Structure formats: C-alpha cells, structure tokens
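Engineer: In case you want the letters, here they are:
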Amino acid sequence: MSQSLDAYLILASLLFAIGTFGFLARRNAIAMLMSIELMLNAVNLAIVAFGAYVPALAGHGALIALFVMAVAAAEATVGLAIVIAIYRNKRTPLVDEYASMRE
Amino acid sequence: MPFFTEAPAEAVATTGSSLDQLLVIALLALPLAGFGLTALVGRRLGARAWIIAVPAIIVVWLAALYLIYQTLIVGAFGDAGMHFRLYEWIPAGDFHVDVNFAVDALTAVMLIVVTTVGMLVHVYSIGYMAHDPGRWRFFAYLNFFMFSMLLLVLADNFLLLFVAWELVGLSSYLLIGFWYRRRSAALAAKKAFIVNRVGDLGFGLGIMAIWTTVGSLDFGEVFTRLPGQLESGAIQPWMMIGICLLLFAGAMGKSAQFPLHVWLPDAMEGPTPVSALIHAATMVNAGVYLVARANPLFAQAPEALFIVAAVGIFTCILAASIALTQKDIKRVLAYSTLSQLGYMFAALGVGAFVPAIFHLVTHGFFKGLLFLGSGSVIHAVHDEQDMDRMGGLWRRIGITHATMLVGSLAIVGIPPLAGFFSKDEILGESFKLGFVWVWAIGIVVALMTAFYMFRLMGKTFYGPSNVDPHTEPRIHESPRSMTVPLILLAVPSALIGLALGLPPENGTIHHWLEPVFRPLDEALHHGAADYQILGIDGFLLGASVAVAAVGMIVAWRLFGFFRLGPRPALVSSVTGRLRGPYVFSLRKWYFDELNDLLFVRIGGVVARGLWWFDVHVIDGAVNGVASLTQGTGRGLRLVQTGRVQNYALGIAAGLLVVAVGYLIVAR
Amino acid sequence: MALPQTIPLLGWSWDDLIFVVLAGVMLGGALMVVIGRNIIRSGLYMILSFAALAGFYVLLGAPIVAAAQVLIYIGAISVLILFAIMLTQSKAGPSNLVFHHQAWAAGVAAVGLAVLLLIVILFTDWPAEVADGVAAGTAAIARLLFSDYVLAFEIVSVLLLAAVIGGVFLAKREEALDPGERQVDEPTLARQPPPDRPRGVAASEGP
Amino acid sequence: MDLTGLPLLTGVIFTPLIGALLIAFVPREREALTRWLALGTALVTFAISLLLLPGFDPAATGFQYVETADWIPAFGIQYKLGLDGISLVLVVLTTTLSWISILASFGPIKSRLKEFMISFLILEVGMIGVFLALDLFLFYIFWEVVLVPMYLIIGIWGGANRIYATLKFVLYTLIGSLLMLVAILAAAFSFQAATGSWAGAFDFEQLRGFGFDPTLQFLAFGAFFLAFAIKVPMFPFHTWLPDAHVEAPTAGSVILAGVLLKLGGYGFIRFCLPLFPQAAHEWAPLIIVLSLIAIIYGAIVAMVQPDLKKLVAYSSVSHMGFVTLGIFIFQPQGMQGAILQMVNHGIITGALFLCVGVIYERTHDRTIAKMGGLAAPTPVYAAIFGFFMLASLGLPGLGGFVGEFLVFLGTFDYSPIAAAIASIVVILGAAYLMWMYQRVVFGELSDFLKGLGHHLTDVTPQELVTLTPLIALTLAFGVAPGLILDLIQMPVGEVLARVGGPLTGAAP
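Just so you know, the protein sequences line up as chains A, B, C and D, in that order. Residues in the first sequence are numbered from 1 upward in steps of one, following this note's numbering. Residues in the second sequence are numbered from 1 upward in steps of one, following this note's numbering. Residues in the third sequence are numbered from 1 upward in steps of one, following this note's numbering. Residues in the fourth sequence are numbered from 1 upward in steps of one, following this note's numbering.
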C-alpha cells in the first residue's frame, strides 16, 4: 500500500480537494491563502511521488518540488503583503467586503 | 454714352443716358449712404443727427424730379421706359437674377409720391424728433426706408422687388419698434413684420411659380411671355389665376388688406412721421403698385381680379366701420388708410387701374398731410392721442387746423380737392364696368368716411376743450420745420386732382399711364367711353358728393364744427341705442381676440406639445435605447461580483464541466 | 529491540502503518485548516499537516525535499501566515460567519473535483514500482540543480528577490498623500462624489 | 508666384497639427503665449486656405490640387486629397470660423487653456481633412478625428450637464459612423470582388464610376445616410444637438453649428449621391419628407424654448432641413441653394452663438425670461445681434436669403406643395426669432440685468473683431452670392449628372 503510486496520488488529490474547498468557501483572506498552500502542497506531493515511481523522473521530481516551494514562498510573501495592505484600507480581512473592483 | 449698356433681354427699351443712370443709382446710393453714415457717427451728432439724412433726401428728391420730368413730360425713354442692369446678382445655373432697374411712367408716378412725401416727412421730423435722444437712429432708419422704398419702385425684376418688399418691411419693423422700451411698440413691430411675412410667403411662391413657368423673373420677359404661354396653351388658366392670387397675397400683406389688415392699426405705435410716411403714403401702397405693375398678368386672370375687388371692397367697409368709433386719433387715421387702400384694390379689381394709381397719389398726399397734422396735434397736447382729451384746439393751433381741414375735405371727396377726383373715378368706373355692388358699398363707405373724418375733426378741434388742465396752458403751435411741410402737403392735397384729373377719366395721369396699362386695356376690351357729364357720370358724381355732404353734416351736428357746438347727449343716446354694433366696431370686429386665440394660444399649445413630443418621445426613444443598453449591462454586471471566490468557483465549475464532458466524449 | 516485520493484528507492514498515520494526520490537519472557526488554530493545524507531508517525502525517498518542507513551509511560510493573522485580527474580531454563502457550492465543487481526480487516477495504468536505487540522493539533486536547472534556479532566485521587495513595498505603511496634489482642479470629476475617500483616509491610520 | 508645386492641401490640413504640437511644449503658466500661438496657427491655416483660391479654376471639371501617396498598399488604401468648388468653399468656411472661435475663447476659457487650444487645433485638422479626403478610408479616419476633440471640448469645458451631453453626442455620432465604416468596407470588398484587385478599392474617384449592385447600394446608402443624417442632424436624429449646444462652450457651439453640421451635408453631396445614385433615388422621397418635417418642426419647437442656445439649436435643425431638402430634390438650383445655405448657416448661426456667448459672459445665464431691455445699455450689441437675427430669418440682401430661396425654387420645381409647406417656415422663422429678440433686447431692462450693474458692458473690441468679419461675409454673400455660386456651379453639375437629373414631379 505504501509502495503504490496510486495511494500517494489519491492522497494528493484529496488534499487538493480540501484546499479547493477552503479556497472557495472561506471568507477570510488568510484562510484562503492557507488553502492555496494546501493545494500547492498537494501538487508537490504528487510531483515527488511521480519522481519516486517513474524512473525517468528520478531526482527531477524532488527538484521540481523544491522549485515549487520557492515559488510558493514568493507567492505567500506577496499574497500576505497584499492582504495586509488591503486590510489597512478596508479594516477587514473578509474578502466579500473587497468588492470595489465591480464599479 | 451710358455706363451700363446692358438692358435685360427682350426689353425693347433705351438704357437711358449716363446721367439718367447715375441719377437712378444716386436715388438708391444716397439714402443708403445716409443710413450708413448716420448709423455710424449719428450718436456723436447729438441734436443735429439730421444733418446727413435730410440733405441726402433733398438731393434724392431733386434727382427724382429730374427723372420724373424726363419720363413724364419729355418722354425721353419712350413708352417702355429706361432699363439697365447693374450686375448679375444670383448666377445659379439657368436661374439667374440681375440687379436691374427700370424707370417708366408707373415708376415715375410712384416717385412723385415717395420722394415728395418722403422729403417733407424728413424735414418735419427735424422738429418732431428734436427732443428724442434716439433721433440719430430715427434718421438712419428713415433713410434706410427711403432706400428700400426707392428700390421697390425702381426694381426691374420680381426678385429684386421682393428684396425691396422685405426691406421696407424691415424698416417698418424698426420704426414701429422705435420706442422699444414700450412693450406695446415692440409687440406691434413684431406683429407687423410677421403678418407681412404671411403675405410675403404667397409672394415668394408666386415668384417661384413664375420662374418655373417662364424661366425668367425680369418684368419685361415675364409680361410678354407668360400671356403668350397662356394663349398657346402651354399653361392652364388656373395656373395664371394661381400666380396672380399668390402675388396678390403679397400685396394683401403689405397693403394690409383683410384678413392681413391687423398689423396696420397697431403700427401706429411708431412715431407719427413714420405713420405718415410708411403707413399712409408710401409703403402700404406697395401692394397696389405690385398689382398695377403685374397688370399684364392680372389682365389674363379676370377671376383673380374679381377676388381682388372683393377683398378690396370688403376691407374698405370693414375698416370704415371700425374707424367710426375709435378714440385714438391715429387709429382713426389708420383705419381710414385701410379703407382707402380698400378703394384702390377695389378699383384694381374692377379693372380701373389708372384711377387706382390716381387715388394712390392723391391719398399719399392727403393722408400724409393728415398724419403729420395729427402729429402736430399730439405734439401740441404733449403726447396725448385720445381724442376724448382734446377739443377746442382750432384757435390754439391754427396752421395745423387749417391744413388738416384741407386734408379732411380732400379725403371726404369735396370738389375740387384731390380726393374728389380720384375717388369719383373709382366709383364711377366700378359702376360703369358692371360692378354695381362695388359701387354700392363704395358709396356707403364714402358716407362713413365723411362721418368719421369730421367726427375726428370735431372731437379734436371744435367744441369745449377736454385737454388735461396741466398741459392746457402749454399748448403751442409746432415749430416751423413741422408747419412748413404741412402747408407744402396741403397744396397738392388741394390741387393735384385738378392738375392731374381733368378732364375726368381722361386727365393727364391717364395719358401718362396709358402705355403701362395698355396690355390690360387690350385684354379687358373696354375702349374709353365718352364721359357724359349730363348723363350717367353726372348722376354718379352727384351721388358721391351728396353722400359725402350728408356724412359731413351729420358729423357736424353731433361733434361740432367751428362755433357749432357738439351734442354729447345725442351721441351717447345713439351709441346706447346701437349698443351691439357700437361695441362690435369699437372692439374692431374682435380680430385681435380671434388672432390671439388662433395663433398665440392654439399655436402656443401646439408648439409646447411638439416640444414635449421632442423631449419625451423622440429623445425619449434615444435615451430609451441608451437605458436599455445600460440596463442589459447592469443585468450582466451582476455576474461580475468583484469577489474573487465567485470567479474561482466559476473556474472550478468550468473545469468540472469540461473534464466531465471530456470523459463522456472520450468514452 | 527488533520490531516484528508486520504489525500484529492488522498484518500491515510498519511502512503501511506510518503511511496511514501520516495520511490521517495530514488530511485531518488540512480539514481542520479549512473548516476551523478559529483562524489561529487553522494556522497551527496547517503546520501539523505540513509536518505530516514532510514524513511522506521521507517515505518517498526524498529527504532533501522533506528538509526543505520543514524549513520553508513550517519554518518560514507558516510563521509568516501566523504573523499575518495576528496583524489582521482587529478587535472587531472574525465574524461568526467563517464561510461564504457559496460554501455549499464550494463543497460540491470540491467533492466533484476529488471524484474526478480519483476516477482519473484509478482508471490510469501507472508505471510499476521501481527499485530503491532510483530514489535520487542529495548529491544527484544538487548536481542537477547546478547543471540542467541552473537557469531556472537563477530565475527563481530573482523571483524571490522580487517577491521580497514587493512584499516590503506592499506591506509598508503608506505615507499620507500630499494634500496639494489631491486638490488639483479636475473639472471632469468635480461633479462626481469622491470615491470612498473618507474611508480611505481613515484606513491609512492603520491598526 | 507658382503654388501648384506645393502640397497645399496637406499644408492646410496639418498646419494646425504643427501648432498643436508647438503648444504642447509651451509651459502651462504662459497662457498668453498659448493663446497667441493658437490664434497664429489658425490664421496661418486660414491664409493657406486662401492661397488655394487664386489657383483654383472654377470652370474645370474633376478635382484640383490632387495629392496621392500609397498608405496601405495591400488594400489599396491611399492618402489621397483633392478639392473641388464645394470642398473649397467649406474649407475656407472652416478655417475662417476656426480662427474666430479661437479668438472668441480667449476670455471664456480659463482652466486648462493649453489642452483646449490643442483640442481645438486637432479638431480643425479633422474638419479640413474630411472636406479634402478623396479616399474613403482616409475620409473615415478624419471623420472620427473630429469626434474626439469635440468630445473633450464639450465634456471638459462645457456647462453643468456636460457629461450627459457629450456622451450622447459621441455615442450617437459613433453609431452612425460605425455603420458607415461597414458600408465603406462593403463597397471596397464588392469592388475588389468585381475587379479582382484591391487597387483603388477605397479611391473615391474609382468607386464613383463603379455601378454597385442595387441591394448593396440600398443598404450602403442607408448606412451612409444614417451617419450623415445624425451629423446634419435630420429629424428625428436631432435630439443630441440641443443638448450638445447648451452644454458646449461658446467656441464649441460655433464650430459645432458652423462646421460640424456641414460635414453631414457635405457627405451627402460628395459620397452618398455619386457612389449610390440608384439608391439615392429610392431613398429621396423619405429624406424629402423628413426634411420638410425638420424645417417646420424645428421652427415650431424653437418657438417655445426657454434657453437662448436651445432656441438657436432648434433653429439649426430647421435650417439644416433646407440643406437636405435642397440636396435630395436633385435639381441644380436646389443643390446650389443647399450648399449656399450650408455656408451661410455656418456664418450666421456661428455668429448667433457668439452673440449668445457675449451675453453669457456677462450674465452667466441664457434664460430668455431673465433678459430684457438690452438695447439701452448695450446698443452696439443689440444692433449686431439684431443683424444676425434678421440674417437668420432670411432677410433678403443678407446671406441667408439666397440659399433658402434657391432651395425653395428647386423644391417648387419638384413639387409646389412641398415648397408651400417648406415656406411656412418664412413665417415661423420670423416669429420665433423676433419674439426672442423682442424679449431679450426690447422692453425695459429686466431686474436680473439691472442687478449686474456695471458688469453689463457693451461688446468689447475683441468681441467686435470676432463678429465684424462675419457681418461682412453675411452682407457679401447676400449682395453677391455669385462669389460662392460660381465656384460650385461645376461640381454640382457633375454630381447631378451622376445621380441622373431631377426627380420627376411627384405632385402638382
């Protein structure tokens, strides 16, 4: 079981689905960002799993995962900075209040 | 060698000598220059604002006298008169109109009246307007009027005539509205112009009809070709009648014939010299002039002439009946003018063109005299126009009284004064040409004329004084610049009938105008019957003098005459017994009320209704399309919540749909 | 003490046990992240979930990734998120409504997505299991990193730099705008109410 | 001096652009320099347009001063300019009114002067370009170039409700011009399909000889018609005009009434009729009826307008009805009258808007009811205003008369009844203009104006400089309309030859 690619992929897709739900359902911008992190991690898990089970990807999977982490770190930095900046203006972290783009 | 050698095509006429041409141009250029200069620098001239305008008109008068002498006495231009072209005005393909002028007998006769009365009115105005701060405007406008009026009689084609036609209307507008601060003056000016435009509309359409049928607007060509086309069957008789009636519509406007007569009484808001010059002696005659000028056309359309006669005689009695009861001295004279113009049109309508022009001339002098005299009266009693507040003035302002008495006797038709000859010719010809009904109404009007003129004289000059006690001591005769023109006008008013009208129906004026009206005489086939002083003509003459005398005597009895006192009690008992007709006449047959209802009220409702239509229906449709678009956009915008998560949900849903779809299809 | 080859009662290998425990911790933590009412706890559960994930990386023979997961995710990102949470929780507090009113739709979408992915995974023939030797060592990864992927590596470094600068810039407290600049006569806008200006000014005072 | 070698047309189009560029580099504070630079540019443009006159041969057929250069050769699109008498007259009108408008905005425009002058000069580029372009694509470009600066002029320097007015103006005009673009493309594709080559597919001189398919003609004419009818504006597409005029600054109104409306009339004569002669005949009865309605309707609605500018705007609807009427009776006098009417309407209505601007400068109000008695404190103004009022109501001897009369004459030739209906406006025009004049100028000084005290001054020398040339032109074209008629004789004949002569009379 622990030796099967399927198991890891199923795990990753469940994690991704949980992240998706969080992103779509949470009102708090930071919670949404956390959900995004979950989804990124799900992807990472899948990538590493592929790296471990597909001979041609040996080593490459791990490497790509590292890159994804770097990008995720950058994303988190900027995303959180934006959330804080908006929060200063709107006095709320709840995204439904951020609707000024509609006018 | 003349300057302008081009005469209009087909005019078998002389171009005149260069001196003649120069004088014709001077007739127009001098008043125009006078207008321009006075308008530009007049304000700095102060009390001497007349210094340019009046000499200019005196020179015009002298030049006109020379031209009249050349035309009528010497006969230098032959029967057809002199014609020359200044330049081509409108070159539009096969439509081209020149600025060209003509001087023939009819023009010369018109020049006599226009320049003489014009010159005297100018001189009179020096005194009359001496204390008005706007006198420079007044003299500028007067000069402009002279320019327009002279252009009107000198023009040698219909369109140029139309230009002058409108320009005299403009001068009239400017002069009626001279005291623009008075609302009534401004309204009267506007009314005059707009009512005139109603006539001009017909005139303009008539010109277009002439051009589309003849292809030219020059008098000479039109008058020779149009009757020819009628004969050859190229145009139908009804078209000829239509053209004549359209031209007559213009004449009705300018000469204030029913139903376009409403502007003339209101025009009395203008200064009195203006009333004398424009609204009695010259401009209002333009309609008569137009019909007379177009006599070759009217000769081919007897039905049109019948309508002219009917309108003329109706206006004649309508105006006379109103004049009987008016209280304002100038309004009485204004209605009297209408009535006399009605005579002229009746004469034209029955085919008596020469008597019509003859009456135009005599009327120009005596009505000009009467108006100037009334101005002198108004001046004397300090701008009072209500005859109920005059009376007993004959001792105080002797010259004015004497000259006005001459004028009144002239208009009433007492021999041997001017009006007798011309009016008698009109009535006599009507009867003899078979228009007995015209004659019958004309005789009644003659009676009314005698009555209202001596009612006016009585209320103004005789009986006890009703003048405001404050102004009573300050009544004074007018200055010399005003009385001299009065005297100078009284002379022709008295004598011009004798000079031009003897022997009756074959006088000098008949000889002068015979070439002009030859086409008419030929068409209507009435060779001059012998004048029978002991037969029918003697009877007609006696009848008109008798009714005039009756009218006068009744008026003397009621309103006084010299030392004969008025009988106010009798007057009020008569008006009391005839309450209905009296009020009907006093309110001018309710024409003003009718016009107000028809044009001001109903017109206003229509205009407002259309504006509402414009804003709410047409613009509403435009804005409706806009708001429909906007509404659709607003509806679609609901999808754009601005919330990231809605969009993300959309992405997820879309992804699912695509993937499921793919799976199904791939399966 | 040597452990038995398989776990008694269950018949699982130890690897399997670790896998199941880790999976439970990871998914449980993740679920708590998305449904937890308290945002700080959500952050802490996220750390737990990430830690479990690091275990998976070890299981998959990628210890370097596991190390990075601990360092970057738990050490950096999670801490950053916790700081952000603390910065943005005003006294007004998080509203009772944690979820959006579209949460039910989100649930449907998430379940649908999971089902879809599961179908795809289960109906695909994945390559067979491979030998242990395939799992790349750190040295091999490092070699790859500085040869084939050197360009990507540099780009990621630039990206990180940019993100750092951007983060600093965005999070920096905005200086009050020069009042003169706002007062420029703008006829086109003069008739419209200024958009949300009062709120904007108040917000710049910050918490 | 031989001017034939110089690209005068390009010069007259783009001189204002050079001026606009120069002004862009002038520092904002140097307002006087900006003003004089703009005026100088407009005067130079005016001078160049006058240079066209001596070399122009009124007796020659076809276009003169033609300049051609390839622009987008793949589709046969050219930079092709040329002019005939009609364009020449309208170009000179444009350059004249442009410098007058710029001078007239010296005082009233106080904010963003630089931008105003730049917009105005670019507007001039577009207007002149429209009159000179002989390539349909180029024509379309210039047509749209006109739109943008006017949008800004109304939208930035306009009155209280300017955004509404300017949006309405732009959207309305855009709808028409986009349809026109479609029609231009349709015509070009059809040409290409028939000849197998793109060469000349947008060239007016090529296209006008090309007999388009009747259905295409009908539809393309409709599209062109809509574009031009909105611009003219014809009833019932006129409602943008009162709004735009009321909100526009004085100079904007002058150019709008003086030149922009003429673009529509010019388009009809230059493009609609020669390109789609058959369709023109099919559409003509409808257009004639609409013109008659516009003439009467505009005058009646003008009668009850409470605002001076609105009144003049509705009078424009009425006057421009003559233009479309004169064009679509396909009759030489009518069309010459229509062109004459365009020029004179440009001058007279432009001047009327200047006059309204003079009052507005002093009172900041245009409500007729508040005015009254201006004749006493401002006699010169009253005289000038009266002069243009009379010119506008078609007093003979002044500019408006001859054009109107020629249109009447042509219409009478076509149908006396139509002429009779149209000529009712002679009365209505006198009524609404004189009523307005009476209320504004005659009577006692109104309380509102009394309240202004010494601010109520007579026309300033600068205002006099803007008005005097227009007085002179009005007089000149009234006394000697041959000045214009001689120039347009030949091109009108050419257009009518292509359309195929007068309509046969519909009714007696």
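Treat the hints loosely; a few may be bogus.
Said to hold, decoys possible - Each pair of labels, with its calculated beta carbon distance range:
#1 B:Thr224 / D:Pro108: 55 to 63 Å
#2 B:Ala621 / D:Ile72: 50 to 58 Å
#3 B:Phe599 / D:Ser446: 20 to 28 Å
#4 D:Ala369 / B:Asn595: 17 to 25 Å
To be verified - Not the full set, but computed from the structure, chain C residues with beta-carbon under 8 Å of chain A:
#5 Gln5
#6 Leu48
#7 Ala52
#8 Ala67
#9 Leu87
#10 Ala140
#11 Phe146
#12 Ser147
#13 Val150
Quick caveat, the hints were computed from the structure, so don't treat them as lab data. This one's a predicted model, so the numbers in the text were calculated from it and none came from an experiment. From the three backbone atoms N, C-alpha and C, an ideal C-beta is built for every residue, glycine too.
Engineer: Now look at each hint and say whether the structure bears it out.
Structural biologist: Checked hints:
At about 59 Å, the CB distance of Thr224 (chain B) to Pro108 (chain D) agrees with the hint of 55 to 63 Å. Distance hint check for Ala621 (chain B) and Ile72 (chain D): the Cβ-Cβ separation is about 39 Å, which falls outside the suggested range of 50 to 58 Å. Look at Phe599 (chain B) against Ser446 (chain D): about 26 Å separates their beta carbons, and that is inside 20 to 28 Å. Separated by about 24 Å at the C-beta atoms, Ala369 (chain D) and Asn595 (chain B) satisfy the suggested range of 17 to 25 Å.
Hint status for Gln5 (chain C): violated, given a least beta-carbon distance of 14 Å to chain A, over 8 Å. A least Cβ separation of about 12 Å between Leu48 (chain C) and chain A goes past the 8 Å threshold, and the interface hint is therefore violated. At its closest, the beta carbon of Ala52 (chain C) sits 10 Å from a beta carbon of chain A; the interface hint therefore is violated under the 8 Å criterion. Against a cut-off of 8 Å between C-beta atoms, the interface hint on Ala67 (chain C) is violated, since the closest Cβ of chain A lies about 10 Å away.
With 8 Å as the threshold, the beta carbon of Leu87 (chain C) comes within range of chain A, its nearest partner Cβ sitting at about 6 Å, so the hint holds. For Ala140 (chain C), the suggested interface contact is upheld, since its CB lies about 5 Å from the closest CB of chain A, less than 8 Å. Because the smallest distance between the Cβ of Phe146 (chain C) and any Cβ of chain A comes to about 11 Å, over 8 Å, the interface hint for this residue is violated. A distance limit of 8 Å between C-beta atoms decides the matter here; for Ser147 (chain C) the minimum to chain A is near 11 Å, and the interface restraint is violated.
Because the closest C-beta pair between Val150 (chain C) and chain A is about 11 Å apart, greater than 8 Å, the hint is violated.
Going down the numbered hints, you'll see the structure goes against 2, 5, 6, 7, 8, 11, 12, 13, while the others check out.
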